[in-house]
Structure formats: structure tokens, C-alpha cells
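Visitor: Read off the chains here:
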Amino acid sequence: MHLDLQLITSGLAIGSVYGSIALGLVLIYRSTGILNFAQGEMATFSTYIGWSFVVSVGMPYWVGFLLAVLAAFLLGAVVERVAIRPVQNQPHLTVVIVTLGLFLLFNALSLKFWHSDVRPFRSPFPSGSVHVLGTYISWVSIGIFGVSLISMAFVGIVFRFTKVGLAMRAVTSNPMASALMGISNGRILSLGWGLSAAVGAIAGMLAANRLLLDPNMMQGVLLYAFAAAVIGGMTSPVGAVIGGLVMGVTNALVSSVSWIGSDLSLAATFIVLVLILLVRPQGLFGRQIEVRV
Amino acid sequence: MTASTLEFDGVSVAFGGVRALDDVSFSVGEREIVGLIGPNGAGKTTAFNCVSRFVRPQRGRLLAGGVDLTSVAPHEIAALGIARTFQGLELFKSMTVAETLLAGQHSRRRTMGALSSALRLPSVRRAEAVEIAHAREVADFFSIEQYWDRMATELPYGVQKRVDIARALVSAPRLLLLDEPAAGLNVEALAELATVIRTIRAEFNTAVLLVEHHVAMVMELCDRVCVLNFGRVIADGRPEEVQRDPAVIEAYLGTKVTDDA
Amino acid sequence: MRSVLHGHPRLVGLVISALVTWLLNEVLFPTPLNGYLVVLFAYVGGVVVARLSRGDHRYAALGPLVPLVFLAQNSIGVTELTQILILAIAALGLDLITGWTGQLNLAQGIFIGLGAYVTAILASKHGWPILLTLPLAGLVAAAAGLLLGVLALRFDGVYLAVLTSAVALAGPVLLLHYKSITNGVNGIIVNQPQPPGAFADWLDTDQWGYYVTVVMAIIAVCISWNLLSGRIGRALRALRDSPIAAKGIGVDLTRYKVLAFAVGSFWAGLAGGLYAMTIGFVSADSFGLFYSIQFLTIIVVGGLSTISGAFVGAVVIYELSTNVQTIGFATTVNGVALSIPQAAVYAILLILVVIFAPKGIIGIFSDKSDWSRLTQRLRGGHNRSTDVVQAQADRPPIVRLDAPEDPHPAITSY
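Residue numbers (this note's numbering), protein chains in the order written: chain A, 1 to 293; chain B, 1 to 261; chain C, 1 to 414.
Note that these hints are calculated values from the structure, not bench results. Bear in mind the structure is a predicted one, so any value in this text is a computation, not a measurement. Check the hints yourself; a few may be wrong.
Short, incomplete list of chain C residues facing chain A, as computed with Cβ under 10 Å [what the hints assert, rightly or not]: (1) Pro135; (2) Leu136; (3) Gly157; (4) Val167; (5) Pro196; (6) Trp202; (7) Leu203; (8) Ile223; (9) Thr254; (10) Arg255; (11) Val301; (12) Ala343; (13) Phe356; (14) Lys359.
We put the beta carbon where it would ideally sit given N, CA and C, even for glycine.
Hey, can you work out the whole structure from these sequences and the hints?
Guide: So this is what it looks like as C-alpha cells:
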């Protein structure tokens, strides 16, 4: 394993995609305690919408990008209202099955509308690279990393500094009290799902060029994002983002080891994850929850 | 004092920097009813959880029948003849009253017996039959046998409380730990509770240690009362002695002694 | 219904349900019924009879198995039923882990794969008789399950979901990687066993495979029933419902959680062995995350923590995933017919079942059923529990500990 700077920056770029999906997972998990298995497939679906706007309709890239993010937001909100809210008070496993169902549904819909062949999707970033610290870093990596970071920062700002964000945090920490304060829990939860779907769409659009757009594009990503969210402690948005970067870099480094190679890198990365969790079961940023009798 | 069923010997527990229990020593004798009282945050529940091994004492010993409980795993406590109830009841929500009372006898069979259970060998059937019979006796004692086949958590609160106590007693313990048995009871039920606990001792031959906010009931019921304040034992003796103890009066001054707590 | 505790399966009910199904199948309908319809008939018959005889509906678990014996005579549907039973055996194992013990396991598929490989390798490469490899397939999977169970002790809830989905994802990759053992992407071909001498005259290969599977399913149901209806089942439910109280009554959480994983994986391995034997081909990419998810949906749709739920769920999910047709519409847009793809219909049905019958299909038949809840909601009524009051009036308790009948006293909440 050699510490190649180029490898690390490329790992950081894909890691920021993992981080975005993980952030979406954490936003939903914090507010509802639900692990959304459909997060990745919804992102793929939204990416296809963006692809249709840009490639089929011929819109400028960033217009299509914005439309896709908007569509994802609406999609997330509608999914929460239609599929999640009816089972919200059911046992954990029931809700897991619903999100698994959504996973299958969006996968099937992507396959139906856009078929299984890989769609080329050009990157909005210039193709060259820049010479930094004795190594070449591609503009694509910088672009993916930069835009992901901006979108994640945007979510952070919404959470921390806006009234909507305050309401979301209130619903998360005490649904009963916030309902008594006149906050509409339902609307806030829809908003949370919309927001996390939008972040997912951004990640999907950014990753489409590198991961190659096909209906199963996000399945590997989802697992890395799970790992990222878990490393981050499941409830910490910052932890999820850092967890994503850790997973991205780990994966890039592990793949470069000759006897592991890319076909075992997934397994090796998860061994790293399990080791981390064995040492710190609550994740790197989570707090140990005390069980009271 | 006769041979003690449970003995706290200089037990100390700290959470972070907070001393929850500080060098606590007291004992519960055979067939004795002992009350553990004290203002909020005095360490009563922590003392309880030490016995259940949910909390590990940093110093001191906890002796029960010659065994030091601090070196015993939580699930082995029941087999040593110590059973407890829970303030939040903690009934098993998928079980009927009958199943709850059978589950309560888990510690009676010492081995898991996965293979003999899988084949339902005669020995397993016999053990099951004995346990069912015993569960019926206890259900009868607590007048809950008419709920035998009903889900325990769907019953009225008062019945659930009885199921919780029955689940503990069905294991035929030498010591019964009651965690705030009076909580949520109205005045009449409260008056009966003392009678019930005395009957339990007579019927089941067991010592009782209870944590309780309700001071008046404790004073009336208990053979001996141990008062905790800020993690220390400030008084230990017969109820009438403890009531006159200046340290106890001081501890409770300013802290409102509520009747409904 | 005190019979729950004295526990003897109501054989009469089973036999009657078998006969009814056989009649339906052979006499009333000239053409053989679809396999899953037969199973559902048999199940409903079992439930009705169990009800009428005031038994517990869980006894009906064996119901679907009995009439199947008659079915093999007309070969149609035999391979289908065999696969359904194999799914059900593995689902039974998963239910032990996830339903009864509350440990979310997304890796059941990989244990089936493990069992399938054990059978395939021993039978194809070393010439073992297939029937002999089946218990070994179960044991190897059980050993692996034991390891995962020990690892799982450290995790809970979503963390366990992530851990097990990682196992589900990494497993096939590893199997593909070690080509010398598993033949990599080429997989292993297994020669399906011929029925032995005495049976060879009146059974073909498929039917023999079917009967072997039926016997294994019956064994799995009986052992599961024995384990779960007794002390072990109570300990597992206790630790799922309230870990604290479970410790209090003396349940060793560690041992029982690991036991559930080991036994649950044993059934998966056995199912895998049967899979290799009846499909005749084993390849690592059949056992991925999607495959594992299928078993989770089986137990939830069928009904968690019920033995019969695994079977009903297996029937429904198998039929959904193989027989659901693309829903077409008459309208066309730009000359392209509008339709919902098969997988999407499957997904939507799955979500609808979970929303409207959260306790699964078995829940519809149970006492406090979703069905009655649903009709009550439609009538605008509330949950009434008058029978509690009546039961109390029956006989005054000797020792009373009654509180005001407020089910949620604020003081006791923690």
C-alpha cells in the first residue's frame, strides 16, 4: 500500500459522493429512526431524470442538474407522505421492508424507462488536471469534491441557521413537544425526506460520469454510504460526511494493494469497517446510549 | 441478626465524577422485609441495579448466600435465588400471562438443552408440566389466572403490576427485589400493597428488599429501613428508630415528602 | 385456549384439511390447480379446522405440508412447490434470527449459498451421495452462522443491518474469487439424484427431489415447533421484548442470540443443499443481497414469529416474483405501450401488504387481527376492550393490587 496523493484525491472525490448519500441516510435516520434502503436507487432515478433533461432534451447541463435536484426533492417528499407515513409507528422491520420495497420499485422503474445499457453522461468539469504538490489532480475529482461539499454545507446551513432547520431539529429531538409547539411534524418529515433525496440526486449527478450511469449504479455506493453513516455514528451529519471520505480513501488505497485488487476491495473495505465498529460500536462520532432501567 | 440473604459490604459506585453510592453497607436477613428509602437521586435505584448486576460497583462486595455477586454475570443472579420487578414493569409484549409465568421460571432449568428441546424428549415434557403447574399456583395466588391466555401488556395496569410481581416470584426466590411497587397505585390499592407483601413473605418464604418513595408505607410495612442520602447510608434500623433519627429528618427537610410519588 | 401450553399438533385438523385440499384438487377441478392455490387452500383449511377445534392457529403450520404429498402424483407444479418449500425452510431459519430474536439479518442468502456449495462440491467433485451431504450443508452453514452471531453480539438495530448487508455483499465476491474451490463464475453442475430402487418405478427425478424436500420441511417445522414452543422460544422472545427483564429472569442473552443465529443458519444451509440438489446448478451470483432481501420479505409478508408465516410468505413471494405479469394499459404514448414492469408491481404489492397488513398474512387470521382493526376503522369505531372488564367481573381477585385503570400512568414512565 503506497500513499499516493493522486489515489487519495480520487478517493476523496468518490468519498464525497459516499458522504452525500450517507448524509441523506443520516438526515432521515435522525428524524425518524428509519434506515432508508431506497436512498441510492432514488438518487439513480433522479440522475436519469437529469440525464433526460440534458442529453435527450438538450438543456444546458446545470439547468438539467437543478431540475433533477428539484424533481428529487419532490420525489422524496411524496415518498415520505405516501409510503413511509402509513407505517411510521409500525415495528422497525416493517419500515425496513417498505424502504426495501421502494429500493426494488425505483430500481425497476429506472430499468423500465432507461433500460439496462450504460448511458454515457459527460462530466460538467474540464477534463484536464492540475499540478499540485508534485502530483496531478483531475479537475473532475476537484469538481465532484467541491460541489458535494457545497451541497452538504448548504444542508448544514439550512439545519443550523434557518427556521425550518430549527423546526427539523425540534421534531428530531422531541416530536411530542414540537407538535405541542405547533410545528407540523408531518410536513417537516416530508421536508427532511425531500432534502435528503435532493442531496442524493446531487451525488448521483456528480458520480454518473465516473461510475457509469446504469440502473444499478448506486448499489455499491449505498453500501459504502451505510458504512460511512455507521462510522459517523448514524446521527451525526458531519460524522457521515467524514465517514464517507474515510470510506472513499480506504477503498482507493485498498484497491491499489496488488494482492487485494479491485475485486476484493469491497470485502476488504468492509473488514476495515467491522474492525472500526468492534473497537467503537457507537461509531467514531456517536455517543454511547445509556440504557436506563 | 440471622444469616443474611443479601449483604452490601462497602459498595461504591461512581458515574463519571458523580458518586452514586459511597461505601454503602447494609444487609437483608432471611425472610426480612427491608425498605430502601431516600430523597431523589440518593442512589436507591443504583443500589438495586448493583444487585441485578446492571451496574458494576467499583469497590466493595455484594454477598448473597456466600457468593460475591460482583463476580457473577447478570443472568446468573436469578439462579442464585434473587428475583426482581421493574418500575417500568418491562413485561414481555409478545407473551400471554401464562407464557410470562413460564418464562419467569427460566432459571429453574440450569442447562439450555437445545437438543433435548428440539426433540421434545420426555424429560423436557416433564419439566414443562411441572412449570405449568407451578405457574398456575402462582397465578392463582395473584388472582390473575382468569387472564391466563391474554397478552400481558394488554391488561389493565393494576393487573400488569401483579403479573410483574408474579413473574419474579414464580422462580421461588430467596430474595425479592421490588422496584417502587407503590408507583401508580391509588390510596386503597396502596393500603392493600402492604398486606400483599406480607402475604408474599409468609406464602413464598422469601425476603423482600424494596425501593420506595412512599415513606409512610415503608414505615408501616418494613421490619427494617435503610435510608440513603447522596449515596451514603445515613440511617439503618427499625422504622420507629429511623423516623426519629435527626440525620433522616434533616435529609428530608426541604425535600418534599410526597404521598403520591 | 390452554392447549397452547400442552401442545400437541391437532392431527385431526391437518388430516381433514389435507383431504379437503385433495378433494378440491382431484375431484372438483378436472385440471390440476396451481401449486400456490393448493397451498393456500390447505392453509386456510388448517386454520378453520384449528379454530373450530379451539386450537391454536399456529398448529396449522403443518397443514400446507400434508396435502402436498398427494400433489406429486401429477407432476405439474412439483418443481414449483419444491422451490417454495426450500424458500420456506430458509425463511423459517431467518425468522428464528430476525422474527423471534429481533436480530435484523440481511445475509441469510449467503448461508444458503454456503450450504449449496457444500452439497455441490461434495456431490460433484467427491462423489458423495447427495442425501448424505444435506446435514453437512446445514452444519457448515451453522458454523458460519455461529461466527456471524458472535460478531453480531456487538451490534444492534441498524448497525446489525449494515454489518449483515456487508456480509451479504462480500460473500458472493469471495466465493467468486476462490475459483479453485467454487469454479468461479462457471459455477458447479450437480447431477440430480435418481430415486432409489424401490421408488424408481413410480417417481421421476423431480418428484423424488420434491419428497426429499417435503420430509426436510416437516423435520424443520417439527424441530422449530419444539424449540420455539418451549423454554428456548420463551427465552428468545423475552430477550427480544425486553433485554433487561430477560436478564432478570436469568436468560443468558449471549448464548441465546448466538444459538438463534446458528440454528437459523443451519436451516439456511439445509435449504441450500436442497437447492443444489433440485436446481442442479450452483453459482455464487445467485446468493447476493437481493436474494437475502427476498427472505426478509417472506417472513414479514407471511407474518413474523410464526412458523406458518414462513410457508405462506414463501408461497406468496415466490408466486409474486415469478408469476406477476407486467400490467399493460390500452393507451399508448407515441406508439409505445404504457405498462408497469413486473418488478415494480412486485415492489408495490409488497409495500401495500406491509402497509395494510403489518402483521403479515398470518396476522389477518390471528385474534387481534389486522382484519378486525381494519373493519373497525372503516366503521369508525374504537378499540374496545370490554371483555377485560367482564373477565374481572367473573370473580373478584383474592389479593387485589388494583390501580386506577389508566394504562399509562405518568409516574412509572422512565
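Visitor: Mind checking the CB of Ala343(C) against every CB in chain A and telling me if the closest is under 10 Å?
Guide: Constraint on Ala343(C) satisfied, holds at 3 Å.
Visitor: For the hint on Leu136(C), just tell me whether its beta-carbon gets within less than 10 Å of chain A.
Guide: 25 Å, violated
Visitor: With 10 Å as the cut and Cβ atoms as the points, is Thr254(C) at the interface with chain A?
Guide: Violated, about 15 Å.
Visitor: Is the interface hint satisfied for Lys359(C)? The criterion is a beta-carbon contact with chain A at less than 10 Å.
Guide: 9 Å, holds
Visitor: Taking the least C-beta to C-beta distance, is Arg255(C) closer than 10 Å to chain A?
Guide: Hint violated; Arg255(C) Cβ to chain A Cβ min 20 Å, cut 10 Å.
Visitor: Holds or violated: is the Cβ of Val301(C) closer than 10 Å to a Cβ in chain A?
Guide: 8 Å, holds
Visitor: Holds or violated: is the Cβ of Ile223(C) closer than 10 Å to a Cβ in chain A?
Guide: Violated: closest Cβ of chain A sits about 24 Å from Ile223(C), beyond 10 Å.
Visitor: Would the stated hint for Trp202(C) survive a check requiring a Cβ distance to chain A of less than 10 Å?
Guide: Hint violated; Trp202(C) Cβ to chain A Cβ min 42 Å, cut 10 Å.
Visitor: Tell me if Val167(C) is really an interface residue toward chain A, meaning its C-beta lies closer than 10 Å to one of theirs.
Guide: 8 Å, holds
Visitor: Pro196(C) was flagged as interface toward chain A. Is the shortest Cβ-Cβ separation under 10 Å?
Guide: 41 Å, violated
Visitor: Under 10 Å is the threshold here; is the Cβ of Leu203(C) close enough to any Cβ of chain A for the hint to stand?
Guide: 38 Å, violated
Visitor: At a threshold of 10 Å, is the proposed contact between Phe356(C) and chain A supported by beta-carbon distances?
Guide: Hint holds; Phe356(C) Cβ to chain A Cβ min 8 Å, cut 10 Å.
In summary, the structure is inconsistent with hints 1, 2, 5, 6, 7, 8, 9 and 10 from the numbered list given earlier, while agreeing with the others.
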